[in-house]
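K.L.:
The chain contents come next:
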Amino acid sequence: MHPAFSVVFFTTATGAGYGLLALFGVLGGLQIVPADFWLGFVGLGLALGLIAAGLLSSTGHLGRPERAWRAFSQWRSSWLSREGVASVITFIPAGLFGLGWVLLGRTGGWVTIAGLLAAIGAIVTVCTTGMIYASLKPIAQWHSRYTLPAYLIFAATTGSVLLNALLQSFGVGSVAVLVLSLLATLAGWGWKRATWRHNDRLEIATTANTATGLAGGTVRSLEWPHTEENYLLKEMGFRIARKHSAKLRMLAQALAFALPVLLLAATFALPWPVAAIPSVLAAIVQFAGMLVERWLFFAEAKHTVALYYGR
Amino acid sequence: MTCLPAHTDKKLGLVIDLDTCVGCQACVTACKEWNTGGHMAPLTDIDPYGGHVDGVWFNRVHSYEHTTEMGGRTVNFPRSCLHCETPACVTVCPTGASYKRASDGIVLIDADKCIGCKLCSWACPYGAREFDTDVGVMKKCTLCVDRIYNDNLAEEDRVPACVAACPTSARHFGDLGDPRSAVSQLVAERGGVDLMPELGYRPTNKYLPPRAHTQRAASVPAKPLEPVRAEGGLLGWVDRMLSN
Chain A
1 MHPAFSVVFF TTATGAGYGL LALFGVLGGL QIVPADFWLG FVGLGLALGL IAAGLLSSTG
61 HLGRPERAWR AFSQWRSSWL SREGVASVIT FIPAGLFGLG WVLLGRTGGW VTIAGLLAAI
121 GAIVTVCTTG MIYASLKPIA QWHSRYTLPA YLIFAATTGS VLLNALLQSF GVGSVAVLVL
181 SLLATLAGWG WKRATWRHND RLEIATTANT ATGLAGGTVR SLEWPHTEEN YLLKEMGFRI
241 ARKHSAKLRM LAQALAFALP VLLLAATFAL PWPVAAIPSV LAAIVQFAGM LVERWLFFAE
301 AKHTVALYYG R
Chain W
1001 MTCLPAHTDK KLGLVIDLDT CVGCQACVTA CKEWNTGGHM APLTDIDPYG GHVDGVWFNR
1061 VHSYEHTTEM GGRTVNFPRS CLHCETPACV TVCPTGASYK RASDGIVLID ADKCIGCKLC
1121 SWACPYGARE FDTDVGVMKK CTLCVDRIYN DNLAEEDRVP ACVAACPTSA RHFGDLGDPR
1181 SAVSQLVAER GGVDLMPELG YRPTNKYLPP RAHTQRAASV PAKPLEPVRA EGGLLGWVDR
1241 MLSN
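Sequence lines, in order, name chains A and W. In this text, residue positions in the first sequence follow our numbering: the first is 1, and each later residue adds one. In this text, residue positions in the second sequence follow our numbering: the first is 1001, and each later residue adds one.
Treat the hints as calculated values from the structure; they're not laboratory data. By construction, the Cβ of each residue, glycine as well, lies at the ideal position given by its N, Cα and C atoms. All the given hints hold, so there is nothing to weed out.
Restricting the straight-line Cα-Cα distance to at most 30 Å, the calculated cross-link-like pairs of lysine-lysine (DSBU-like) are:
| hint | chain 1 | residue 1 | chain 2 | residue 2 |
| --- | --- | --- | --- | --- |
| 1 | A | Lys243 | A | Lys137 |
| 2 | A | Lys234 | W | Lys1032 |
| 3 | A | Lys247 | A | Lys137 |
| 4 | W | Lys1010 | W | Lys1113 |
| 5 | W | Lys1010 | W | Lys1032 |
| 6 | W | Lys1032 | W | Lys1113 |
| 7 | W | Lys1010 | A | Lys137 |
| 8 | A | Lys137 | A | Lys234 |
| 9 | W | Lys1113 | A | Lys137 |
| 10 | W | Lys1113 | A | Lys234 |
| 11 | A | Lys247 | A | Lys234 |
A short, non-exhaustive set of chain A residues, derived as facing chain W with CB atoms under 8 Å:
| hint | residue |
| --- | --- |
| 12 | His61 |
| 13 | Arg76 |
| 14 | Leu80 |
| 15 | Gly213 |
| 16 | Leu214 |
| 17 | Ala215 |
| 18 | Val219 |
| 19 | Leu222 |
| 20 | Glu228 |
| 21 | Tyr231 |
| 22 | Val305 |
Whenever a hint applies, use it, and build me the whole structure from the sequences.
P.N.:
Structure representation (structure tokens):
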């Protein structure tokens, strides 16, 4: 599948944004993270900013973005429509939570309820994003039991590492959040490696034989219907060389998981304000690594239409 | 609404005979010619006379070499929308632009509602949908919905343009939901198959596999190739002289 940057950035940014929003909603709502104007202003601003930037970026993928409002109508059948509805609805409790927790400095009561509802909305939205990909049968690497948990785990990973960076920067670092971010990063690493192992061993039932209805033997593409690449090949016939794939997997693991683990471990040993430096670096490096991971998620996914072209 | 109809009155579709298709591309050009002025018009071509030709086509004919223990043969393979009974391209559509008609089962796009998110083309395993970058919306085969019900055409012309154009009668059009229809009987007689049945899209269009190899054909062994090694003697001398 062609890795369109607008979609790669969209899923990475909204994943981190919703992860951070959910953590603020729960930890702030339950007063585990203290209500502080600047922490809340910058933190929630970052979460909602990532979400808004991601959603705007996704409209860059559309042929007719001015009609995007129509996408809220088919939530009964379409995961993409459900994602649109869930993302917009989540802004309501998130906005109320920001009003109460950040601007009014209040906790408890309706602010806690708004925080928890924002967290639920964030989780639901990430689920709908994951299901868009997990529901596509023609792409075996996506239509797997690994896809939906991956989106949830990576949202928790990037969200918790961002939260830790914010808390460390504002001098309210919490060992619990630091441990959470470290464990979430390790969980993300493990899940990604398990996913790659699963995909590398995938035995796909759909072949050039079943695609053409020609039973038995071998079916070799002799001639394409056209001489130049068409929409199908540009969008779904994207191929990545195996050697580049191996290198990019190493790069993704180094940036998204290995380096953040080292930097977060270093945070344990350092006093404030020095501890903020590795924490912030971990968040930045991880975001770059997740962009590589998401690029590979598309580049390594193979659509059945490629079979018609002998690919 | 992008929810699928529980039942369609008819299952209009095509039956494509891979035994008789000669790969002449007449159906491809007839389709393009009709549809670039039809229901989904235009079928935009980008850089049509340049080095990077691209454009929207509803019907593409591939050629394959099918090799089994019985031998090898060339199979020409037309590929277009199969008007599936459970088309995921319709259910994934977030705007309601894609729909399956309850009356005849044809899968269509309302170009005025399409936002060009391309998700339907990802959901189609057959590559039936092509994006029109110029207009910014997705396009697909309409089963010539503007021909098959067109009272301005003579009755025999009320078939899809690809079927009307086929010089070898490799393409057949009819109601595959009616077991007594000519197309249903053809499918039963020739053992017509679904493409990628394992994915569960339940395509309406059927493909008739090439007929089995026959043992009755006359055996005409080709003469051995001429020797490439230079011959000696008089003939060798003549050959060398003439080759100079």
